[in-house]
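Q: Sequence:
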Amino acid sequence: MKTQAIETILDRYDHLRLGIVGDVCLDRYFEIDPSRGEISIETGLEVYNIDRVRCQPGAAGTILNNLVALGIPTIHLIGFCGEDAEGWQLRRALQTLAGVHIDHFITTPHRHTFTYTKPLVRHSDRPPEELHRLDQKNWTSTPREVSLQIMEAIHKVAPQVDALMVMDQVDHKNTGVMTDEVLKTLAELQQKNPSLLIMADSRRSLKDYPPMTFKMNAAELGAWVEAPSSISAQNVERQACDLARSTGHEVYVSMAEHGICMAQADGQT
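Per the working numbering: the sequence shown ends with 272, consecutive numbering throughout.
Keep in mind the hints are simulated off the structure, nothing from the lab.
Predicted, not measured: the structure shown is a model, and the values here were computed from it.
Relax, there's no trap hidden among the hints.
For lysine-lysine, the following DSSO-like pairs were computed, each having C-alpha atoms within a straight-line distance of at most 30 Å:
1. 121 - 176
2. 218 - 121
3. 176 - 140
4. 176 - 210
5. 210 - 195
6. 159 - 195
7. 187 - 140
8. 187 - 159
9. 187 - 210
10. 210 - 159
11. 187 - 218
12. 210 - 140
13. 140 - 121
14. 195 - 218
15. 187 - 176
16. 159 - 140
17. 176 - 195
18. 159 - 218
19. 176 - 218
20. 140 - 218
21. 159 - 176
Can you build the whole structure from these sequences, using the hints too?
A: Here you go:
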């Protein structure tokens with residue numbers, strides 16, 4: 004991409020209004036000081052003493068953090084957290100982000116706050132050592148009343164934004180924000196507003212998503228087309244073009260050090 008084109012894109016950041024719909028988790032880091040180690044009298048096991056806790060939004064919250072860092076002035080967040088301590092920590096972290104509106108970030112007693120707890124042992128002579136991660140997830144289907152609140156929020160936010168970013172982070176279908184009903188709402192919104200950019204990314208798979216702009220990595224594209232092994236950059240381009248033609252929307256495929264392949268609905272890259 005030419006420098007002038009990049010500058011044109013960057014100049015638009017100050018005027019963009021974006022919406023993010025998806026699974027926001029709490030990334031919670033427990034920093035452990037090994038010099039303060041002791042042995043538990045009750046269990047005889049080593050005790051890890053935590054002397055610092057860091058909390059920040061993760062998953063869809065990572066996208067949010069990046070957009071804030073880029074200087075996007077207005078971002079509407081749509082998602083949910085639980086009525087628990089983790090939810091309180093997550094909302095407090097979100098409230099510190101400039102330009103982020105959390106009016107439609109729901110607090111509900113029917114869901115746990117999606118949380119990644121990451122213990123880190125600090126060392127003076129090398130990078131921190133990450134121990135086993137502790138996850139808190141929802142293993143049951145998201146209640147319909149929660150999905151209805153998300154759907155209502157989408158209808159309210161869509162007319163106020165230039166684009167919607169969709170992030171599905173859960174491993175099991177229908178246990179997070181992006182339930183079948185929510186996807187149906189997005190599909191109807193895209194059909195009624197074809198000029199509205201709706202870009203989706205999913206940890207699990209985008210195969211069950213309605214047509215909209217897709218973002219994935221090369222491995223995810225390979226899994227989509229059931230490639231027997233990792234696919235070459237040339238094959239990424241071909242498969243992305245086929246997918247873009249079939250959905251009628253652009254497809255973006257990240258390829259690590261090889262950059263990003265963008266395929267248009269007409270099959271051009």
